[in-house]
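My request is simple: use the sequences and hints to build the entire structure.
Protein sequence lines correspond, in order, to chains A and B.
Going by our numbering, the letters in the first sequence line up with residues 1 to 191, in that order.
Going by our numbering, the letters in the second sequence line up with residues 1 to 101, in that order.
Don't take every hint at face value.
Said to hold, decoys possible - Quick look at which bits of chain A chain B covers, simulated, 3 or more residues with Cβ under 8 Å:
id, segment
1, 12 to 23
2, 28 to 34
3, 46 to 55
4, 66 to 74
5, 114 to 123
To be verified - Distance ranges between label pairs, derived from CB positions:
id, chain 1, residue 1, chain 2, residue 2, range
6, B, Pro55, A, Gly113, 20 to 28 Å
7, A, Asp64, B, Ala58, 41 to 49 Å
8, A, Gln89, B, Gln76, 27 to 35 Å
9, B, Glu5, A, Ser167, 45 to 53 Å
10, A, Glu5, B, Ala58, 36 to 44 Å
11, A, Lys86, B, Glu9, 28 to 36 Å
12, A, Asp64, B, Leu59, 43 to 51 Å
Claimed, not checked - Within a straight-line C-alpha distance of at most 20 Å, the following computed SDA-like cross-link-like pairs (lysine to any residue) qualify:
id, chain 1, residue 1, chain 2, residue 2
13, B, Lys13, A, Met172
14, B, Lys14, A, Asp122
15, A, Lys148, B, Leu19
16, A, Lys60, A, Arg19
17, B, Lys13, A, Tyr187
18, A, Lys181, B, Lys34
19, A, Lys181, B, Thr2
20, B, Lys34, A, Asp45
21, B, Lys34, A, Ser92
22, A, Lys177, B, Lys34
23, A, Lys188, B, Lys34
24, B, Lys14, A, Ile58
In case anyone wonders, no lab produced these hints; they're calculated from the structure.
On a predicted model such as this, the values are computed, not experimentally measured, just so you know.
Cβ atoms here follow ideal geometry from the backbone N, Cα and C, with glycine treated the same way.
Here is how the chains run, residue by residue.
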Amino acid sequence: MEDQELIHNIKAGNQKAFRHLVEQHQQQVFNTCVGFLHHEADAEDIAQEVFIEVHRNIHKFKGDSKLSTWLYRIAVNKSLDFIRKKKRQKRSGFFQAIFGFDQIPEPVETSKGMLPGISIDDQDRGRVLFQAIESLSENQRIAFTLHKIEGLSYQEVTEVMDVSLSSVESLMHRAKKNLKKKLGNYYKNHL
Amino acid sequence: MTEKEKKIEEEVKKTLEVLDDYQQSQVNPFFFAKLEHRMRSQEEIKTGIWQFAMPKLALATLIILFFCNVFTMVNQLNSTDENSGSGLENFAEQYYLTTSQ
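Printed below as a string of structure tokens:
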């Protein structure tokens, strides 16, 4: 079923069409979330939220971009929102600990478990790398993750990020340079 | 380049290469069923809130409107009586008439 037809049917309230859309794109959305969150259960949760938003806001999709591009955008935004929320929780947990509030903060550090997508032998290296990626600026991080982890071409990254090709090239160049610098500093202190 | 610098460079290279062997995760085969369940329960909560709130809100609004109407009606009647009384006296005074025997 073509994207336009699919969208038209979902707008008309056809649940089968919605199911078709989910089944067609669930892998892509889930992987995007995993690429940013490095935690499968959280990624599944956020991927579900992506499709709930798609179902709710399908009338807002004008067809200016590809359906998959729209889904990538929502998945990236939702994943980054989730990370921000976790960071806020972590900060509030820190202040609660300082001021002695009774409530025990929820554990927010999810990176202690196995990292999905990374072989057992490379888990430690993977953790160091993802920490370095997380410390990049948001745009560098999005471009790097979409290209290196999701395997999107530069052209596809430009469509998702809605920026020019030269911007993506520049973001990727700076991301790689910064990562080398950050990792270099890390190993300088840990070797 | 010192031995340590060489080692650092090698470690950085190896760490960046971790992504070359990155394996995509497989989505849960019950993803859609779980999504459907979540959407349905969200819908039920929404409907539940309306079912709980609507009759009570409607009844309260009706009672308030009823009392507003009664209050306005009573006020209107009182003011009409007073106005009509004073109007008659004014009329009688203006034309030098007496209203009472």
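Tested hints:
1. 12 to 23: Coverage by chain B holds for the segment 12 to 23 of chain A (3 residues, Cβ < 8 Å).
2. 28 to 34: holds (count 3)
3. 46 to 55: holds (count 5)
4. 66 to 74: violated (count 0)
5. 114 to 123: holds (count 5)
6. B:Pro55 <-> A:Gly113: 20 to 28 Å: Roughly 48 Å apart at Cβ, these two residues miss the hinted range, so it is violated.
7. A:Asp64 <-> B:Ala58: 41 to 49 Å: The hint (41 to 49 Å, Cβ to Cβ) holds, given that Asp64 of chain A and Ala58 of chain B are roughly 43 Å apart.
8. A:Gln89 <-> B:Gln76: 27 to 35 Å: Between Gln89 of chain A and Gln76 of chain B, where Cβ atoms are some 59 Å apart, the hint is violated.
9. B:Glu5 <-> A:Ser167: 45 to 53 Å: With a Cβ separation near 33 Å, Glu5 of chain B and Ser167 of chain A fall outside 45 to 53 Å, so the hint is violated.
10. A:Glu5 <-> B:Ala58: 36 to 44 Å: holds (42 Å)
11. A:Lys86 <-> B:Glu9: 28 to 36 Å: This hint holds: roughly 33 Å between Cβ atoms.
12. A:Asp64 <-> B:Leu59: 43 to 51 Å: holds (48 Å)
13. B:Lys13 <-> A:Met172: holds (17 Å)
14. B:Lys14 <-> A:Asp122: Holds. Lys14 of chain B to Asp122 of chain A sits at ~10 Å (cutoff 20 Å).
15. A:Lys148 <-> B:Leu19: Measuring from Cα to Cα gives roughly 7 Å; hence the hint holds.
16. A:Lys60 <-> A:Arg19: Judged against 20 Å, a Cα distance of about 19 Å means the pair holds.
17. B:Lys13 <-> A:Tyr187: Given that 20 Å is the threshold and the Cα spacing comes to 11 Å, the pair holds.
18. A:Lys181 <-> B:Lys34: violated (42 Å)
19. A:Lys181 <-> B:Thr2: With Cα atoms ~17 Å apart, Lys181 of chain A and Thr2 of chain B stay inside 20 Å; holds.
20. B:Lys34 <-> A:Asp45: Holds, at about 10 Å.
21. B:Lys34 <-> A:Ser92: Given pair Lys34 of chain B, Ser92 of chain A is violated - Cα atoms ~31 Å apart, limit 20 Å.
22. A:Lys177 <-> B:Lys34: Violated, at roughly 41 Å.
23. A:Lys188 <-> B:Lys34: Distance of about 46 Å is beyond 20 Å: violated.
24. B:Lys14 <-> A:Ile58: Distance of about 43 Å is beyond 20 Å: violated.
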